[in-house]
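4 protein chains.
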Amino acid sequence: MYISKDTALRMIAAAEDKANEIGVPMVIAVVDRGGNLIAQVRQDDALLASIDLALNKAYTAVAVKVSTEVLGELAQPGQSLYGIQTDKQGRFVIFGGGLPVAHDGVIIGGIGVSGGSVEQDVACANAGLSAYC
Amino acid sequence: MYISKDTALRMIAAAEDKANEIGVPMVIAVVDRGGNLIAQVRQDDALLASIDLALNKAYTAVAVKVSTEVLGELAQPGQSLYGIQTDKQGRFVIFGGGLPVAHDGVIIGGIGVSGGSVEQDVACANAGLSAYC
Amino acid sequence: MYISKDTALRMIAAAEDKANEIGVPMVIAVVDRGGNLIAQVRQDDALLASIDLALNKAYTAVAVKVSTEVLGELAQPGQSLYGIQTDKQGRFVIFGGGLPVAHDGVIIGGIGVSGGSVEQDVACANAGLSAYC
Amino acid sequence: MYISKDTALRMIAAAEDKANEIGVPMVIAVVDRGGNLIAQVRQDDALLASIDLALNKAYTAVAVKVSTEVLGELAQPGQSLYGIQTDKQGRFVIFGGGLPVAHDGVIIGGIGVSGGSVEQDVACANAGLSAYC
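Protein chains in written order, with the working numbering: chain A, 1 to 133; chain B, 1001 to 1133; chain C, 2001 to 2133; chain D, 3001 to 3133.
Careful, some of the hints might be misleading.
[What the hints assert, rightly or not] Computed cross-link-like contacts, BS3-like style, restricted to lysine-lysine with a CA-CA straight-line distance of at most 25 angstroms:
1) K18/A to K1088/B
2) K2065/C to K2018/C
3) K3018/D to K2018/C
4) K1005/B to K1018/B
5) K3088/D to K1088/B
6) K5/A to K18/A
7) K5/A to K1018/B
[Claimed, not checked] Restraint ranges, calculated between C-beta atoms of paired labels, are given here:
8) S4/A to P2077/C: 35 to 43 angstroms
9) E1021/B to C133/A: 25 to 33 angstroms
10) P2077/C to K3088/D: 45 to 53 angstroms
11) G90/A to E2073/C: 48 to 56 angstroms
12) K3065/D to M1/A: 29 to 37 angstroms
13) G23/A to Q2076/C: 48 to 56 angstroms
14) V2118/C to G3034/D: 45 to 53 angstroms
Calculated from the structure, these hints are not laboratory results.
A quick note: this is a predicted structure, and the numbers were derived from the prediction, not measured.
Using N, Cα and C, we set each Cβ at its ideal position, and we do this for glycine too.
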């Protein structure tokens, strides 16, 4: 099973709907199980920083098979994975907004959202994930 | 004047239509006047190499304000810009498939396509550009 | 279909046999369809340069879905893809020794070999590929 | 004295046995005294993130001549080496799973394991190290 381009765009559209509802422009990215981009969209006026962050959140979620939020807890000073964020040339993002995409219990990709507060990013990522089916 | 996200997606859809007509899966990217991603789509089974190439063609076209095809002629051994392709960490692409997007004579962004032969990439980039209006 | 770790090691062992027969120490790498490493082995006294080259040859072959040898012809000055070697932070290798691995006509990974002359690298890559079945 | 390719593969196999016993797929890497890869193996379904982490743990252990676990204690906020993890393009890993390999008191290489919890990674790295003799 894999995420088709059409599915990725549907997930992004769902995340965009949530972003519009919240009223904060977002960047949304979907990657495949190899961590490679399928599709990415930057809403008008979204932060430049969010281009890399959204893609890297999606990458991180598939690379570690948990959400970036969970990884973030493990990466705090004194926790077991503190320091992971500098590996892979800094591609690992350790705050919320990146979620793995699973099919029948197998991770087949990731979605990443950046642009608002972490809570807003997570809400949009969840909305995007809900559109996978 | 700037390229909105909706316009970028419309340009990408037009390039995709051409790719479907040709029968070769493509990656299409649209960047703004700052060279930053607005949207990027990888069609199912498109080459992994095309992810970076499409984005970098779009970047190159806006960065030098000519098509990557024209830049390519100037970058051949013995020509005036020979060697430019190694600058900017290798982001400049020097073969066809990247086009600047102009509005009233002002460059406001770029579109890049990769996935087929250079001729096919150029045809899709032109189809995408035609959707800008 | 995917290349298992055991299959990758069997391919590497076959390439090693060929390298031993030739008498030149080699580095051999096998990557999956996402371009990510499955296994890599450096024979004693193989060139340090070959560590990156072998991995990047394998990456390149799956990323462009042709051998690095074929890509190399297209990347010569005056040819259609001249300049591609600087993209992707220079990961594309444009001389022989990288081969895509196909299953039922679908590219599912790549093998890359470096250490000897290009002809020797290609011979070892072919030996490794032959062990896939 | 140096770690031969055959020794590296034997160490990796021993670490794999431990990973199989634990039931978590791992990536294992062995590097020489120059910090350069000798061999690396990714077990089926191991995390993508572990490819870089395993190699960099092995690198780190030989580069600082202590385990990545010990380095991690020194790299916490307020400790003497806080911040080291961003040097060398982020290659230094500061949590457990990387061990130096010594012969007669001389460090001749490193082994790195990633894929499970830090405790599991350390257990596999120790198993791999035990196979050196």
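message: Please verify whether K5/A and K1018/B have alpha carbons no more than 25 angstroms apart.
response: holds (16 angstroms)
- prompt: Does the hinted range 48 to 56 angstroms hold for G90/A and E2073/C at CB?
  reply: violated (36 angstroms)
- prompt: Between K18/A and K1088/B, is the straight-line Cα distance small enough, at 25 angstroms or below?
  reply: Distance ~36 angstroms between K18/A and K1088/B Cα, so the pair is violated.
task: Could you grab the alpha-carbon distance between K3018/D and K2018/C and see if it respects the 25 angstroms cut-off?
output: Roughly 31 angstroms between the alpha carbons, so the hint for K3018/D and K2018/C is violated.
message: For a C-alpha distance cap of 25 angstroms, please report whether K2065/C and K2018/C respect it.
response: It holds: about 24 angstroms lies between the C-alpha atoms, which stays within 25 angstroms.
message: Hint check: K3088/D vs K1088/B, CA-CA at most 25 angstroms. Holds or violated?
response: Holds, because 20 angstroms separates the two Cα atoms, which is no more than 25 angstroms.
- prompt: Taking the CB of S4/A and the CB of P2077/C, does the distance hold inside 35 to 43 angstroms?
  reply: Holds, since S4/A and P2077/C (Cβ atoms, about 39 angstroms apart) stay within the stated range.
message: I want to verify a distance hint. Is the separation of the beta carbons of G23/A and Q2076/C within 48 to 56 angstroms?
response: This hint holds: roughly 53 angstroms between Cβ atoms.
query: Is 25 to 33 angstroms right for how far apart the beta carbons of E1021/B and C133/A are?
result: Given a distance of about 30 angstroms, which is inside 25 to 33 angstroms, the answer is holds.
query: Quick one: are V2118/C and G3034/D within 45 to 53 angstroms, going by C-beta?
result: Once the Cβ atoms are compared, 25 angstroms apart, the range 45 to 53 angstroms for G3034/D and V2118/C is violated.
message: Just to be sure I understand the hint, the distance between the Cβ atoms of K3065/D and M1/A should be within 29 to 37 angstroms; is that true here?
response: violated (45 angstroms)
message: Holds or violated: the 45 to 53 angstroms window for the beta-carbon distance between P2077/C and K3088/D?
response: violated (36 angstroms)
Hints 1, 3, 10, 11, 12 and 14, counting from the list given before, are not met by this structure.
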